[in-house]
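Chemist: Residue strings, one per chain:
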Amino acid sequence: MKQLDTLRETMRRDEVFSFVKPDANIQPITDRGVILSLEGVNKSFDGFKAINDLNMAIDAGELRCIIGPNGAGKTTMMDIITGKTVPDTGRVRFGQTMNLLGMSEPEIAQAGIGRKFQKPTVFEALTVAENLELAMQGDKSVWSTFRAKLSGSQQDYLGEVLETIGLQDGAKGRSGSLSHGQKQWLEIGMLLMQRPHVLLVDEPAAGMTHQEMDKTTELLTSLAGDHTVVVVEHDMDFVRSIAQRVTVLHQGHVLAEGSMDDVQQDQRVIEVYLGE
Amino acid sequence: MFRMLRGDYGGQILIALVVLACAIVPYLNLYVPPSSPFHLSTFTVTLLGKYLTYALLALSVDLVWGYLGILSLGHGAFFALGGYAMGMYLMHQIGDRGVYGNPDLPDFMVFLNWDQIPWFWQGFDMFWFAMIMVMFVPGVLAYVFGWLAFRSRVTGVYLSIITQALTYALLLAFFRNEMGFGGNNGLTDFKDILGFNLQSDETRIGLFVASGIALILGYLSCRAIVASRLGRVAVAIRDSEDRVRFIGYRVDKVKLAIFTFSAVLAGIAGALYVPQVGIINPGEFSPLNSIELVVWVAVGGRGTLYGAALGAILVNYAKTYLTGALPEVWLFALGGLFVFVTLYMPKGIVGLMRRRQKEIGA
Amino acid sequence: MRPTSIAIRHWVFAFILSLIAGFSTAVHADEAIFQGGIENLLAKSFNDKTQGAQQIAESGDDRAEQILKALLDRQLFSTKSDKTLVFFDKDTDATQAKQVVSGEILPVTDVKSLQRIRTNNKMRGVIKRLIANIQLSNPDPVKRLAAVKEIMGKVTSDQIDAVKTLSESEPNAEVKREMETLVQLSELQSSDEDVVKAAIIGLKGNMNQQVRPKLEDLLTSESAEIAASAKTTLEAINKKVTWYGHLETLFFGLSLGSVLVLAAIGLAITFGVMGVINMAHGELIMIGAYTTYTIQHYIMPNYPGVSLILSIPAAFVVAGLVGIIIEKTVIRHLYGRPLETLLATFGISLILQQAVRSIFSPLNRSVETPEWMSGSIQINEVLSLTLNRLYVIAFCLVVFAALFIVLKKTSLGLQVRAVSQNRGMARAMGVKASKVDAMTFGLGAGIAGIAGVALSQLTNVGPNLGQSYIIDSFMVVVFGGVGNLWGTLISGFSLGIANKFMEPYAGAVLAKILVLVFIILFIQKRPRGLFPQKGRAADS
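Residue numbers (the working numbering), protein chains in the order written: chain R, 1077 to 1352; chain F, 133 to 494; chain W, 391 to 930.
Heads up, some of the hints might be wrong.
Said to hold, decoys possible - Rough simulated footprint, nothing fancy, chain F against chain W, three-plus residues with beta-carbon under 8 Å:
1) 583-592
2) 630-640
3) 728-735
4) 859-869
Stated by the list, open to error - Negatives, chain W to chain F, calculated, CB over 12 Å:
5) Ser559
6) Glu564
7) Asp607
8) Ala618
9) Met669
10) Leu740
Stated by the list, open to error - No farther apart than 27 Å at their CA atoms in a straight line, the calculated lysine-lysine pairs in the DSSO-like style are these:
11) Lys502/W - Lys533/W
12) Lys1248/R - Lys490/F
13) Lys604/W - Lys539/W
14) Lys1160/R - Lys434/W
15) Lys1248/R - Lys182/F
16) Lys434/W - Lys1125/R
17) Lys385/F - Lys1225/R
18) Lys479/F - Lys1259/R
19) Lys822/W - Lys799/W
20) Lys182/F - Lys451/F
21) Lys385/F - Lys1160/R
22) Lys434/W - Lys459/W
23) Lys533/W - Lys587/W
24) Lys587/W - Lys479/F
Don't read these hints as lab results, they were simulated from the structure. All C-beta atoms in this analysis are idealised placements derived from N, C-alpha and C, irrespective of residue type, glycine included.
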């Protein structure tokens, strides 16, 4: 039977042979419709199901918040999208055509998905400006990296980002000596330098003062529209202040999805968060 | 060309010193009469030349360890391979002046009753070919090894241990007579290079200057990498490899490129080393050698390049002195140096000097 | 042994002798014949002497074997004065001549007063067989076995029937089998094809050294049937020999594997459980070996066995203490910096090596092997297991089991595992992490010391002993999967076996290189070894 299936697949008349097909992973369509979709994704670690039949679709230009209790699979989901973890089953697509499974982390990053980590990991031995320079969008092959010089427009953009994240004064200082909050900002700056289509932001508000949090809210809201922003966050006030749509994850599965108010009314969500 | 040295005072001083040495040493050796106290014996010249090749080797280690975070315990292997490639050329140059007087076969092959030269010895009678091999062989080995290791993300101590296993395997292999590299005894009894007698003072001086030039060029090329954006990517990889992947760099390719380049540098150092010491044998592959050269870098100060060169020269000077004066003490001293540097001088001599400068400045 | 069987055997024995000697009647042990033989030995002609030897053998006299042996060894003399036969007993005292007949000691004042009884080659051949025949009926089965082996392949056709009869009443299975082999071997040369065929079938599965060449000769036999039958039997035997050869290789592999496991298991603790790269591990093994040497050589030089057993705890304590000192002075300050730890411990290894060189000497020392550890167990003709290897395998398993119990069942083990899994949490629960680190390191070091005791029995003890094992040990740990004791055990054994199986084809050095290359490639494929630590924690 299996051979028959293979044969049928090979002889399909509505498609050309797979080896003459153009590489589907050329350029995703990123200006409209669904930009990021997960279908039936499963991942288990030694029997522990971290992700359990996860289905989610994120539209282009959306600002989506993902919340959920500890161990809900938020970080694992991020890992799967960015190529760090390979799921057991399921599909992850970027735009309409690009299959993210089987792509390496740098390939995914180059395709236009940027990620900010929960724990800020900036390159401490480098200066703030150098950190941003490394993250900058462009040809990242070995030879061109070796030959790379900042062009005038690149320098301007770098300056802009420095201003946005409020680090223009310390640009030449080592990033290792920044405070925790500043490192968060630097990470966001690095994300901006990549000019990604999709920004995956893991707990941006952690360790920030209220003023900083307001600024972050402002920044993320302003980014949405041109970019797609996915935020994982614990801080409910923060989520309420930015969210258009909220997805609640529980045990690796989507529990509820909708506006913040809808979600808060949802009986199952209340149970998960408050216990029975 | 010297733009990359801007702000690199240590590098400027190093290059100035090497240039100075390349000017003064030949003069002191060739033109100052032996009776004068300023005369430099040919023995000393050769010793200094050897130190320069060690300095180049240390540069290659610092490039991968100090900037890329790969602690290679197998760089001695690349050094030795470069040395063997040079040795094969020099063996061909002996011609019929060997003990057995065979014009085609090196002595050890006659001794093993081989009737013709093995295929992998072909072409080494041509200097240009041998010089390409000096870079090609270590480069290819590093490329293949690195391609396998970096692609599957072998890092940290695992990587260190398998680089050590690599050089250990080569050590065992080169001890075998069947390998065709002279077995236990290696390659020796060299007569001349490019038609110049290896024993003559002029040739020695020539090799010394060549080593000096190689060190300067090696330093400049390392510095070019380090000062470029690629160098900053390397440092980023050293500190947080995963993060670099997420901003879109192919970490494995960056590592592979720098690692291979570093192996080529080590090979060149080996090729300059062999004609000066007059022998290459499997002992150069010993894991101890590779790990010892890591200590040169640690003593000088890793991640500075010129510190590595400084460390190589200082430690080897101490080694020459101690093994001559107090042979019993040398291993104690070397062992103690390992412990002391890692515990109390993590940034090496350069680190100490920088701190000193800051204190004075403050 | 039952007396009746002895009687029968004597009778049969006499019967053989009669055949050999050409006598048609059976004879009892008889003093007269013995004396006649002695007379004949004194004669001039070799024929007479041969007959004399045969008579002596035939007499069944207890002294016969001794005399014939002396004759063979050219130690039999006659005194010139009164023609008394005397011989020198090499076993007791070569300066004293013994009278053959009376057994009295005859003081030899002048060697010239003696005349050697001369023999020729033909005669010596006969004498050898006579001696063997006497021994064939010796009550000691060990002697009988030796006798059968002595005449194997050298018997004449007329002896065969006698041996055949003898074999039927032989009580010892091993001797019996040998006798049958002997008979069958000579039957192979028979002109009767049926006899040959029967013999070939009888030799099936016989791994005696003599069998295979004889069968090979038959491959070119004129009779196609015999050739075919010989071929089948030969192939079957060869298969069996190869199989036992593999068993032997497996045994060698297991013993090498045990050495590897012993050397690596301490490392599995320090590297696997604590994440500390201890390059001085090999030198801790060396310290264990030198402890053994010191105890055996300086403290109790005359008791190799006892001192070896005492060395085990002593080596554990000495190496363990050195380990704790290393941990407290150096490693403690380098936690979380594995590459620096690697360099510092390498420095320590150099210091320890040089210390041993200065204290003992740069030369290799050898440690005595106690008697109960030397020798071997002979399983069959092609397979024998040397005792010291067997002991090493057993020792390795015991050490492994003990360590396993310590880690799984004792409170120290619990603390060690707790600290290795979550340092912060363990400390919060009141575990003194720094003390546990020191103890863990000491435990790993102590086991390295014990490995040194075992190694001292297999190789020479020298300053480079440790160095030669450190890379192998790392390979074992990394191959097995860091942090997994079972992985270390299995990986050690499989690497040992792989090494030994490759050796015949590739040579010892190349085999080792191949194993190294294999591991280098393997780590690329599975960076966490055969049995990786599982779970999400291991991912990060």
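Chemist: Determine for every hint whether it applies to the structure shown.
Modeler: Here is how each hint holds up against the structure:
Look at the segment 583-592 of chain W against chain F: 0 of its residues bring a Cβ nearer than 8 Å to a Cβ of that chain, fewer than three, so the hint is violated. Taking a C-beta to C-beta cut-off of 8 Å, the segment 630-640 of chain W contributes 0 residues in contact with chain F, too few for the three needed, and the coverage statement is violated. Coverage of a stretch by a chain is defined here by at least three residues with a beta carbon nearer than 8 Å to that chain's beta carbons; for the segment 728-735 of chain W and chain F the count is 7, and the condition holds. A count of 4 residues in the segment 859-869 of chain W with a Cβ less than 8 Å from any Cβ of chain F is obtained; the coverage claim is therefore met, three being the minimum.
Residue placement check: Ser559/W keeps its beta carbon more than 12 Å from all beta carbons of chain F (closest about 58 Å). Residue placement check: Glu564/W keeps its beta carbon more than 12 Å from all beta carbons of chain F (closest about 44 Å). At roughly 35 Å from the closest C-beta of chain F, the C-beta of Asp607/W stays outside 12 Å, upholding its exclusion from the interface. Chain F leaves Ala618/W outside its interface by the beta-carbon criterion, the shortest separation being 42 Å against a cut-off of 12 Å.
Not every CB of chain F is more than 12 Å from the CB of Met669/W (nearest about 8 Å), against its label as outside the interface. A beta-carbon of chain F comes within 12 Å of the beta-carbon of Leu740/W; the shortest separation is about 3 Å. Only pairs whose Cα atoms come within 27 Å are accepted, and Lys502/W paired with Lys533/W is rejected, the gap being roughly 36 Å. Between Lys1248/R and Lys490/F the alpha-carbon distance is near 18 Å, which keeps this suggested pair within the 27 Å criterion.
In summary, the hint linking Lys604/W to Lys539/W is supported, as the alpha carbons are separated by about 16 Å, within the 27 Å threshold. In summary, the hint linking Lys1160/R to Lys434/W is not supported, as the alpha carbons are separated by about 101 Å, beyond the 27 Å threshold. Using a Cα cut-off of 27 Å, the hinted pair Lys1248/R and Lys182/F is violated, with the two alpha carbons roughly 40 Å apart. A hinted pair counts as satisfied when its Cα atoms are at most 27 Å apart, and Lys434/W with Lys1125/R does not qualify at roughly 102 Å.
At roughly 20 Å between alpha-carbon atoms, Lys385/F and Lys1225/R fall within 27 Å of each other, so this suggested pair holds. Taking the CA atoms of Lys479/F and Lys1259/R, the gap is about 25 Å. The hint holds against a cut of 27 Å. Of the pairs offered as hints, the one joining Lys822/W and Lys799/W holds, with about 19 Å between alpha carbons and a cut-off of 27 Å not exceeded. The hinted pair formed by Lys182/F and Lys451/F meets the criterion: a straight-line CA distance of about 13 Å does not exceed 27 Å.
In summary, the hint linking Lys385/F to Lys1160/R is supported, as the alpha carbons are separated by about 18 Å, within the 27 Å threshold. With a C-alpha separation of about 20 Å, the suggested pairing of Lys434/W with Lys459/W holds against the 27 Å cut-off. Between Lys533/W and Lys587/W, the direct Cα distance comes to roughly 31 Å. Violation of the 27 Å bound is thereby established for this hinted pair. Taking the CA atoms of Lys587/W and Lys479/F, the gap is about 84 Å. The hint is violated against a cut of 27 Å.
Going down the numbered hints, you'll see the structure goes against 1, 2, 9, 10, 11, 14, 15, 16, 23 and 24, while the others check out.
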